[in-house]
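Following the hints, put chains B, C, D and E in place on chain A, whose structure we already have.
Protein chains in written order, with the working numbering: chain A, 1 to 233; chain B, 1 to 118; chain C, 1 to 301; chain D, 1 to 1041; chain E, 1 to 84.
What the hints contain is simulated information worked out from the structure, not anything from laboratory work. Ideal placement from N, C-alpha and C gives every residue a C-beta, glycine not left out. All the pointers check out, no bait thrown in.
Under 10 Å between C-beta atoms, here's a sample of chain D residues computed to sit facing chain B:
#1 130
#2 141
#3 156
#4 158
#5 159
#6 168
#7 175
#8 178
#9 181
#10 185
#11 1019
#12 1028
Quick list of in silico lysine-lysine cross-link-like pairs, DSS-like style, CA-CA up to 25 Å:
#13 C:31 <-> C:53
#14 D:953 <-> C:53
#15 D:950 <-> C:53
#16 D:866 <-> D:773
#17 B:117 <-> D:350
#18 D:859 <-> D:953
#19 D:953 <-> D:866
#20 B:117 <-> B:105
#21 D:773 <-> D:859
Looking from chain E toward chain B, a few residues come up when the C-beta cut is under 8 Å (computed):
#22 4
#23 15
#24 19
#25 22
#26 23
#27 25
#28 32
#29 36
#30 39
#31 43
#32 49
#33 50
#34 55
#35 59
#36 78
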Amino acid sequence: MIRRLFVTLLLLGLAGVFAGLVVSYSPDETLNLSARYYAEHTAQDIGAANIVTAIIVTFRGLDTLGEVTVLFLTAAIVGLVLSHGRREGGGSGRELPPAGELLGTGTRLLVPLILLLGAHVFVNGHLTPGGGFQGGAILASAILLLLLTDPLRRISHRLITAIESTAGLVFVGIGVLGIVLAGGFLDNRILPIGNLGELFSAGAIPIIYSFIGLKVGAEFSSMLAHLSETEDL
Amino acid sequence: MAYIAMATGFVLILIGLYGALTNRNILRMIVAFTVANTGVNLVMVAVGYLHGRTAPILDASVPVAEAAERIIDPVPQALVLTAIVIGVGVTALMLAYAYKLYESKRTLDISAFKDLKW
Amino acid sequence: MSFEWIKIPYALLTLFIVANYGFLLTAVMAKIAARVGRRHGIPVWQNYVDLIKNYGLRSSITHGVMFYLGPVFRLTGGVGLLMFVPTIYGSEMFSNMSFAGDLILALYFVFFGSLGMALGAGESGHPHSAIGVTRGLSQVTAAELPFALAVYAVAVQYQTLSVTEIVAAQQGGILHWTLFTNPLAVAAAMLSFLGSMMRPPFDVVLAPQEIPIGPPTEYHSSYLALMQTNRAIFPIAKIVIYMNLFFGGAASWPVFFLKVFLIYLVSVIVGVVFPRFRVEQSIRWFLIWAVPLGVAAILLV
Amino acid sequence: MVSAIYILAVGLGTAFLLGLLRDDWRAGAYGVSLAALALMSLISAGWVWVMAAGDGRAVEILTAGTLPPYAINLRMGLAEAVLTLLINLTGLLSAVYLRDTLFKQGRRALATLLVFTMAACGIVLTRDLFNLFVFFELVAIATGGLVLLSRDQRALAAGFKYLVASQVITVLLLVGIIFAYHATGTLNIDGMAELSARVLQGGALAFFLMFIAIVLDLKPFPANGWALDIYESAHPAFSAMLSAASASAALFAADKLLLIGGPTWLPVATGIGIFGFVGANLFALAQTNDRRLLGYSSVAQVGLVLAVLGQRDLLGDRYLFIAGGILLAHAVAKAGLYWLSGLIEGRELKAWSALQGHPILIFAFASFIALLVGLPPFPGFYAKWELVIALAGEGRLALLGLILFGALLEAGYLFRWFGQALKRERSLEPVAASSFKRAVILSAVAAGWGLGYIWGALSPNGNLLLAVPLLFALVFLALEPLSVRVKNSVAIVGMVAWFLLTLPSYDPLQLIFAAVMLLGGALVLLASYQTQGRRIGFYPSAMLMYAGLAMLILAEDAFSFFAAWESLTIGSYFLILRGQRSEPHALSYMVFSLGGAFLILAGFALAAGGDPLFSLAGLAQVAAPIAPWVFLLLAIGFMTKTAAVGLHIWLPGAHAEAETDVSPMVSGILLKAGLFGLFVLLMAMGGQQLHGIELTHILLWIGALSALIGNLMAAFQEDAKRLLAYSSIGQMGYALFGLAMMNHLGWLMALMFVINHFIYKSMLFLSVGGIAKRTGTRDMYRMGGLITLMPLSFIAVLIGIIAMSGVPPLSGFGGRWIFYNAILTADYRLPMILIFISGPIAFLYLFRLIHTIFLGQLKDEHRRVKEAPFWLVLPQMIFVAFLMVFALVPGLALRRVDAYISQFHPEGALGWEGLTITSAFGYWSPISIMIVVGVIFASLFAWLLFVNRKAQKVKQFNIVFAGERPYRPETTHFAWNFFAPYRKALGFMTEPLVERFWAAVVDVLHASADLLRRLYTGNGQTYAIQLLAFVVVVYLLRTGL
Amino acid sequence: MILLIAMSLLLSLTIVAAAILAIRGGQSLAISILAAGLVSLLASVQFLLLAAPDVAMTEAAIGSGLTTFLFFFVLGRVRGGEHD
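Isolated chain A, as found in the complex (with noise of 0.2 Å):
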């Protein structure tokens, strides 16, 4: 109880410092420096329709790399976690009904699509709402489909982490291509900027961006498959 009291006291206090941030908040009228830069210079530089996303996979890269970075880390330590100190001896021999034959067939006929889908979201992050991280979620919404009817079934890891190492290598590769190309990691223009747009434009972002869509994909799915994996306690 006293925990109670003093955690609420504790978080009135911090209250009180978000109140003064919000008291003091004055939403702009214009845009600042920097997003005006963005808004007017992308198009010209990046050639990206969606600034979001040239924001993301070219200003601030070095952000995504990061990021997918935070990914490919979480899915490997929890590769890590969940192997540490594991039983020997693969799966759990625990025989479960299998999954109704509607589930069944509709995942047979779902994963395609939704693949599919994923692709179309990570392609096209450049010019529409949606990305890497998006279509990789979409991706590895796939695998968790496949997860759902058959909890036994074993995901290849190496195929995921192939797809992982792959899409990383590729990703700090194509940064590195832009020093050596262009005016910086990570610069996109390593490949012609094309016409804001369309689908084959804005330089190497959708090249990264499906890459992204790829390793995101592969490292949720990682992720839910070592989860999968573990065992009933």
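Frame of chain A; chains B, C, D and E shown alone:
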């Protein structure tokens, strides 16, 4: 509107933290943290909101030339995107930990893991 | 002041006079103490008899080098002390070897004999000797303190450490004596004097009844003879210092004899009146009664 | 040089690449990872080289081909280069260290380690706030993974607590970042710094949140339970990375944020930092787990650096030098210690006793501790010097005091630990034999010494590692495999040679000290020939002490003086620690010495007025309001070394428990360093008044009390060496008294004590040491009657005590004579009473010393005891000869000094005509005294020989015991509780009040540490609450102020 | 416009209510997790209102979708732990 979202966000943060700091159950703590993270995301997006503008996507309705007057600030959105992904990463990690912790002591009570102290 | 060869015979003469005076004086004092206690006492020549007897003893043992050297140290201390202070004021010839050092030398040389004796007694291996030594050392730390303070007061008063100069400053009438110009210092010093004379009430070092004669327990024959000689010379040498510092010194031998007698008498009289103190009692006694006097003396100088 | 972005690219690329490798190809994966880390280190090293060799201008690295603030940019400057090098090397070495674990865990662990290293570099390099956040998250997550490398099951819980805490931090940081962005329209740190004013008006709260979040990443005390748990349970190699790499990176991030915060936020950083420094060090006192202790120490050190970051406003361009020095020293030392802890099986501090028998590892341990504490010649020392000078120059004294206090606490527990490791019963568990792990540790040692060299080279005060005496001492590290005889000869020759070499540059005062310390030291070293084998550790320690002494004498500026002071302190600590039961005493010696050293440091700093090159001569120019304080600080500092009463409790144990030939070094020689300091101080500053009190009068009292208490305590000791040790306190009291009299003869007397005390105390310690060696005990009552068996030792003791007691005709009398002459002109008389009483008390213990050992009854078990070894007796006999010569012609040593002192006290010089020495009051002719005494003694001796020629030699036991034969020699030897009646009378003065006082201080510190550390309940949720409470409290304090 | 604000307000209230539901200790963990997912989902609607479609998509797909599944995977494995 920005104010509403912002206030909601802050409230979510506080609620989340309250939950994380008072629930002894590790899974509940993690749930509470996701709530707090959502709150943070709300606050961030709200900060970038400009009244009466559209999403920062150049298309037919937002020509390049008018972009600076028509769109809202894209930066917070980019940041939030990153934050969400990082958040899910951390959540996944914490969940894996929770599983292992449960495996080690057969309990999810955080106060049971006090072997290390002082 | 410097050394001349003629000083040597004169020093020997001084030594001879003081030694004989000492033998007689200690016997006389013993006699006085006995009479006060309604006893008959010893004859005044008893010391000479003892001396001859001790030298004449044939059986003699030694416990080792330090044991052997102990009495030598002891007597060297006594003789040396006598040599380092001028005996007769104004007499170049009876100033002895005082050119070698001043008052401080005399003060520290007092310990020479005690130290040697203590070492010799130590090697005798007799526990009573060691007990006597510890008692003596313990007591002397407290007893010396008022004296040191008094000496310091006197030195500050006369702005010199030279014994001759201190005596010179006291010439010109009895009222120039330190006794009257600085009575606090003299009072402190005289209390200290009582403690250093190994007489009751401060004779626990020798404590004839419980630890038969203390440090010299094992000594006999010619060793004892040397120490007896010292027991005649040493107190006189010490009294000479007191006389010079506080009582105007002595310009001639008769005055010397008189003053030494009187100063010695003080300790005897006190001795017959008071019972013996234990060591810790005497230490406290000195710290409580004598030291404050000394402190007052150095502060008021 | 290739772009710094490759550090990140290589790290990441390799991490991704690992996924493509086959699972079972572990060696390959491991090799690739190592290669990547090596490449990253190489790039950093290249940049360090570029920056150091070039103009050091930072290079901007753009990404996305766009200029900042629109795209993320990185920056590589000198600080960045050094830090990334540190991080990468730590990663590389830890990876080497972790070989077996990484092999077992496979490529995921390798990738995590790579990402951790990469991300820590990213934190350092990036100039973008949000990017900073991303890297922080990466580090946090990687930490969550690497914690699990530990075999310790508890690491799991620790990792979770860590994640909980980092979640809270994330929330605060993100909210802060977004509002700061809103306020400035940029995420670029430099851009925000330019708009600092705007941030601080509209976005003050935003900045607060960002700042506090970064501070929380520094694991600030006391909101850091989660971090401590990690330190305790994680694999030591990872703890090394956490402490060295991630803490350094986080500190640099805090530094970047302070760019934005500007001067208004600097005090907050300082406040949090210093609170953590003191608090964590306090808590560490109560730790018994090695890794947790190191964790507390890490927290403390990070706090210190944070406090320094907050002082950048006054440190100016020395800021990097200072903060960097402390940070790098900490990083290297802490990494090294964690790595070292991995070799040791047990987790108790005592378990480090397993190191015994591994001299190289012990050397590493000692180096790391010295690095951490900031002892010379390591970077922390230079840094602390300049920091303290700057702080004092600006009047930030409270901070200065707290820093020194915290450092003292830290030194306390570190050296306690070191002592336990060396002296406790050796742990049975072996030290892990892995050679590559050892190589990693040794590379940390090398890095530490290398940094010491670099910092020395960068310091305006000169490089200590180029000082010849110090180098000479270090040479002995290399000579360790040789035998004692060779090393001893080299040492003696070296010391004499140095003395001769520097002879022309000494003034008479320095000459006396140099002769005592160097020639005297060489003489004492003769005794070391009697030891066998290689005597590992002895020579480097001893020579370090002597090097310190040699440098001390020649020091002209405050820095070199202080450096020398610290060197001799460390050397003597190691030396003292060698004694068999000396562990607690060596510790208290070290703590007191360092406490004293810090006071000296503070004194110099106060006097220097901000000038790090302050010369000792400048002390004379220090003006009124601070001068007395400078005087006080320095005087107390020096008095810890002379063991003045109140600060003396370390001495008896330290001197008594030291080895036979070490006791004379630390007593006869080392104590003089304090006197030398006092001489320097008084010569430069003279008397000072504080609130109308003449400070030298206080010194008079202290000196007199020391003399009294020292002598009195000595009289009651049963242990011969303790007796001598207490007597040193008394003797130093005399010397202090003489100095404080502030007149010509007082100083002369003090100098006389320097010489005399050296000679007779060295002689006595050697003699007693030899006896203890032969009899196997130091308790005097167990001895007795040894005179016939050990005649030479007896002669040494006899001469020693005659000289010491001041009985004519030996040299001690000269000291007394000068003393009496000196006090006649002193203008303050009360304390003399104490001196007067302590003089005779000296007789008590001196007699006891000689009587109970050599005289009285010989014990049966000692009947076959032989004379002490030749090499112990030889120096004693040389000392005897010296004493005799010095007794006869004291003018030989004193005359020139007498003239020299006239510069300072023209009144009262002695006359040296002919054979007689004259003062204004009296005279003294040593030769005449010797002759007179000699003649009388000889005549009487001859007479006795003549009349007593037939004396028969009998055993001591042949005594008359009241008519009965005593039963046994044991019961007949009167020795135990020798001065019982004296104790009855004055025993109350020997009540160990001072000891009780210091014990109470230590107890209070320990008890409060033990009580307060219960704050760390172990509950991860509580930790998170504390974290939030920390935020709120800082906020309230900040707004309240 | 007013409509938009009203919607937003309503949404916010629902979000807060869901959040409170999510962190309350009394009910089953599954409900908590679902409530937290709901918070995310509703928040993504809020994002849409704030003209942030990218964020909205991400929050919906990752924050509410994936995370919830992750939770359930673990919840399913720690039977008995949910009542601690």
